Every structure is written in structure tokens, then in C-alpha cells.
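**Q** Full structure from sequences and hints, please.
Using UniProt numbering, read the sequence shown as starting at 1 and increasing by one per residue.
Watch out, some of these pointers could steer you wrong.
[Unchecked claim] Using 20 Å as the maximum straight-line C-alpha spacing, the simulated SDA-like pairs for lysine to any residue come out as follows:
1. K246 <-> Q257
2. K145 <-> R221
3. K192 <-> R221
4. K229 <-> Y265
5. K145 <-> D210
6. K246 <-> Q155
7. K174 <-> D133
8. K229 <-> G248
9. K229 <-> F241
10. K229 <-> R267
11. K246 <-> V130
12. K174 <-> V130
13. K246 <-> Y152
14. K145 <-> T164
Treat the hints as calculated values from the structure; they're not laboratory data.
In this text the structure is predicted, and so the values were computed from the model without any measurement.
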Amino acid sequence: MLEDLFVVGGELFAQLNEVGPRDRDGLMILWWLATEWRHEASVVGNAWVAANAEVVLHTAFGGEAIVVPPNGVENGLASHALITRHRVGVGVATPLPHLIWIDCEMTGLDLVGDALVEIAVLVTDSDLNVIGDGIDVVIATTPEKLAGMNEYVTQMHTTSGLITEIPNGTTMSKAEDAILAYLETTGTVAGKSPLAGNSVSVDRNFIARDMPRLNEYLHYRTVDVSSIKELARRWYPKLYFAAPAKTGNHRALGDIQDSIAELAYYRSTLFIPTTTGNE
1 MLEDLFVVGG ELFAQLNEVG PRDRDGLMIL WWLATEWRHE ASVVGNAWVA ANAEVVLHTA
61 FGGEAIVVPP NGVENGLASH ALITRHRVGV GVATPLPHLI WIDCEMTGLD LVGDALVEIA
121 VLVTDSDLNV IGDGIDVVIA TTPEKLAGMN EYVTQMHTTS GLITEIPNGT TMSKAEDAIL
181 AYLETTGTVA GKSPLAGNSV SVDRNFIARD MPRLNEYLHY RTVDVSSIKE LARRWYPKLY
241 FAAPAKTGNH RALGDIQDSI AELAYYRSTL FIPTTTGNE
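**A** Here it is as C-alpha cells:
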């Protein structure tokens, strides 16, 4: 049991009396037992073992507190805490895993007969800041696979210029090696970072089929921007129709950049933090 005391204006405010277990995402749960309640107060203590984090209570019981890292939000993650009459439960966030953005181009959508011919990967942090230059790899396939493309796909890959690059593409194994080597330079950890993109279940199916090591590297969760788009289309149609236009031209890296821009747009227009009257 830890006995760190928190003082506000020279008065005892709260005492850290229990450290709970981490949840499945590695979130450490700390409980502050209050000896004196205030609706507005700043509590300075040690966040990681109860040092140098700030808990700001701006709401009444049942509201939320904000946990601010010692050097501000830029150098750490703010968390929220539920205020009850008897205690404040604070989740102190460990740094969240980066997002691994992937887009694939195929000769079609049939997992049995179609080929993966281009894959691009970009990594962002949780604020959608791109880390590194990313990687875009064209993968060779057989003339028979290319001849089997339908008219729409043939036209799409012809317009984008991809169809002329495929014959000189690399092998699937070398493409997977290059992607994993890139990911090792970005601060990602195997099994921790979610896959992100538009309609990424399709991409993941081809990755699972052709690049099992990459598939294992990805977390089982996904961030699908298309899901947010479909909800905006139904609930916020004005914002949906004002979303930025796609410019990727059906090339994998350009499509990823479009996906990141689209999520950034929805973040700024839909995911808007609410404030209380005391802020």
C-alpha cells in the first residue's frame, strides 16, 4: 500500500491508498481516497507511483477529472477519471501504441483467385502525426492474373500507372521483409499496434493469406475510417458531404494519405471534446 499524500494550499486533500491491476491494454488503475472534497482543485503528486502528475477536479461528483502529465499533454497522455462521492478512480495511461496504416491494391477481391500487387504502409502516432516516410512496394504476379482482371480493375490500374510496374515488382517474401524492417524503425511493437485504413478488413484478408508474419505483427483490433464515414453519412450528413476529396488515384501510398486526412477531418469535426462551465 502506498501512502503518498496530496496537498492543496497546505491542506491534506487526498491519499493514494491502493494501486489496482492493469487492464488488458496495460492501463494502470490508481485510486485516490479523498479526505476532503473540492469541486475545483489541483492535486500534485506522482502519477506513475503517485509523482509529478496533476489531477484537476472541475466538476461535481459523477463528473470527470483530467489527469495531466508533468510536462503537459505533449509529453504524455491525459486520462480521465470518474469522480464519485467516496473516491476518485484515475486511469493513468501508458503511451498508446502507434497506428499502422495499410492499403493494398489487388487484381480483384477474390481471395481464391486474385493477387496482391501493391502494398503501402505508414505509421502515425495517436494524433495522426506521420512517423517516417512509409513504404510502398509493388509485387509481381503472373500474366494470367493480370489478364483475369475485370474491365473496371484493368482501367483503374492502367490509369494509376500501376499496371506497367507490376511485371518488374518484387517477390511477396521480399515485400514482407521490407515492410517488417520499416516497422522496426517506427517505434511500433509486434502485436500492439492496430491496423488502420479504409475498409481494412479486405486488406487484412489478403495480408493474412500472403504475409502471415505481417499479419501476426498487427494487433487484432482495427481502426476503420470507413465505419466513421458511414456513421457520419447517417447522423451528420453535412459533415459527411464536406469531407476532403480523395486524391490517392488508387495507388496504395496515396490512398493511405487520404485515409489519414479523412480521419483527421472527422476528428476535428465530430470528435470534439466537451467542456464544463468551470473551464
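**Q** A separate judgement is required for each hint: does it hold in the structure or not?
**A** These are the hints, each one checked on the structure:
Taking the CA atoms of K246 and Q257, the gap is about 9 Å. The hint holds against a cut of 20 Å. At most 20 Å may separate the alpha-carbon atoms for a hinted pair to count; K145 and R221 exceed this at roughly 31 Å. For the suggested pair K192 and R221, the alpha carbons sit about 9 Å apart, so the restraint of at most 20 Å is met. Of the supplied pair hints, the one linking K229 and Y265 holds, its CA atoms being roughly 11 Å apart against a limit of 20 Å.
Of the supplied pair hints, the one linking K145 and D210 holds, its CA atoms being roughly 15 Å apart against a limit of 20 Å. At roughly 18 Å between alpha-carbon atoms, K246 and Q155 fall within 20 Å of each other, so this suggested pair holds. For a cut-off of 20 Å, the pair hint linking K174 to D133 stands: about 19 Å separates their Cα positions. A C-alpha spacing of about 17 Å is found between K229 and G248, which places the hinted pair at or below 20 Å, so the restraint holds.
For the hint linking K229 to F241, the alpha-carbon distance of about 10 Å falls within 20 Å, and the restraint holds. Taking the CA atoms of K229 and R267, the gap is near 11 Å; set against the 20 Å cutoff, the hint holds. Annotation: proposed proximity of K246 to V130 holds, straight-line Cα distance about 18 Å (limit 20 Å). Proximity of K174 to V130 is assessed by CA-CA distance (about 24 Å); at most 20 Å being required, the pair is judged violated.
The straight-line distance between the Cα atoms of K246 and Y152 is roughly 18 Å, inside the 20 Å bound, and the hint therefore holds. Between K145 and T164 the CA atoms are separated by roughly 14 Å; this keeps the pair inside 20 Å, and the hint holds.
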